[in-house]
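Those protein sequence lines, which keep their order, are chains Z and F.
In this text, residue positions in the first sequence follow my numbering: the first is 4, and each later residue adds one.
In this text, residue positions in the second sequence follow my numbering: the first is 275, and each later residue adds one.
Treat the hints with care, as some may be off.
As the list claims (entries may be wrong) - Which chain F residues stay away from chain Z? Per the calculated CB distances, all over 10 Å, these:
#1 E326
#2 A333
#3 N336
Stated by the list, open to error - Computed footprint of chain Z on chain F, listed as stretches where at least three residues anywhere in the stretch have a Cβ under 8 Å from a Cβ of chain Z:
#4 347 to 360
#5 375 to 382
Calculated directly from the structure, the hints in this document are not laboratory data.
Glycine included, C-beta positions come from ideal geometry on N, C-alpha and C.
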Amino acid sequence: SQTIHQWPATLVQPVGSPLSLECTVEGTSNPNLYWYRQAAGRGLQLLFYSVGIGQISSEVPQNLSASRPQDRQFILSSKKLLLSDSGFYLCAWKTGWTTEAFFGQGTRLTVV
Amino acid sequence: AQTVTQSQPEMSVQEAETVTLSCTYDTSESDYYLFWYKQPPSRQMILVIRQEAYKQQNATENRFSVNFQKAAKSFSLKISDSQLGDAAMYFCAKGGGADGLTFGKGTHLIIQP
Chain Z
4 SQTIHQWPAT
14 LVQPVGSPLS
24 LECTVEGTSN
34 PNLYWYRQAA
44 GRGLQLLFYS
54 VGIGQISSEV
64 PQNLSASRPQ
74 DRQFILSSKK
84 LLLSDSGFYL
94 CAWKTGWTTE
104 AFFGQGTRLT
114 VV
Chain F
275 AQTVTQSQPE
285 MSVQEAETVT
295 LSCTYDTSES
305 DYYLFWYKQP
315 PSRQMILVIR
325 QEAYKQQNAT
335 ENRFSVNFQK
345 AAKSFSLKIS
355 DSQLGDAAMY
365 FCAKGGGADG
375 LTFGKGTHLI
385 IQP
C-alpha cells in the first residue's frame with residue numbers, strides 16, 4: 004500500500020533562518036507531488052507541484068522554493084524565513100490514474 | 275483562475291440529525307472531479323467522497339452523499355445521522371489534472387450532543 008511521510012511535525016524557527024521540509028512517498032512510482040499551505044481560517048493554497056524529477060511548477064511567487072531530487076522525494080525550502088511563512092504545510096501525492104490527492108500529516112511551522 | 279466557494283464558515287447540527295454543507299465552483303472544463311475532504315483536529319486530510327463530473331448519479335458513501343448540480347456548478351455534501359466523530363473542518367475541492375486540487379476555505383462543522 005502507498006504511504007506518505009512528512010517531517011518534522013512541528014517546527015519553530017526564527018525569522019531569517021533557513022527551512023527544509025521533507026516529504027517522501029512509498030509504494031508508488033512517478034507520483035505527482037504537491038506542497039500546500041494552510042493559513043489559519045483559510046483553505047489550502049497550492050504552492051508547488053511536480054510531475055517528475057527536477058520538474059517544479061510554482062503557483063505562488065514567494066519566499067519559498069521546492070525541489071524533487073528523487074522520484075518519491077519532495078522538499079520545500081527557504082533561505083530566509085519571514086513571519087508570514089508561518090502556517091500548516093501539507094505534502095500530497097497523486098498518480099495519473101488516481102484523481103484524488105493523498106496527504107501527509109502536515110508540518111506546523113511557526114516563525115518567531 | 276478556478277475558484278471553489280464554501281459560503282458557510284461554520285455549521286452546527288444536533289447529533290443524529292442531518293446537515294448539508296454547500297459548495298459552488300467555477301470552471302470552463304467539461305470533465306473534472308469534485309471532492310469533499312474532512313480535516314479533524316489532528317489536521318490529517320481525509321477523503322470523504324468524490325464525484326466525477328461526467329456521471330449524473332450522485333455519489334454516496336454510507337452516511338455521506340452529495341447533490342451534484344453540474345449546470346449550476348453546485349456540489350453539496352449531506353451528512354445523515356450525524357455523529358460526534360463527524361466534527362471537523364470540511365473542504366470542498368475541484369481537480370482532475372496534474373496541477374493538483376483547488377480547495378474552498380472550508381466549513382467548520384460542530385456536532386451538538
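Chain Z covers the region 375 to 382 of chain F, three or more CB atoms within 8 Å, holds or violated: holds (count 6)
Distal placement of E326(F) relative to chain Z, Cβ over 10 Å: violated (8 Å)
Within 8 Å of chain Z (C-beta), three or more residues of the region 347 to 360 of chain F: violated (count 0)
N336(F) and chain Z, when compared Cβ to Cβ, separated by more than 10 Å: For N336(F), whose nearest Cβ neighbour in chain Z is about 17 Å away, the distance exceeds 10 Å, so it holds.
Least C-beta distance from A333(F) to chain Z larger than 10 Å: The assertion about A333(F) holds, with a minimum of 12 Å to chain Z.
Violation of the numbered hints given earlier is confined to hints 1 and 4; the remaining hints are satisfied by the structure.
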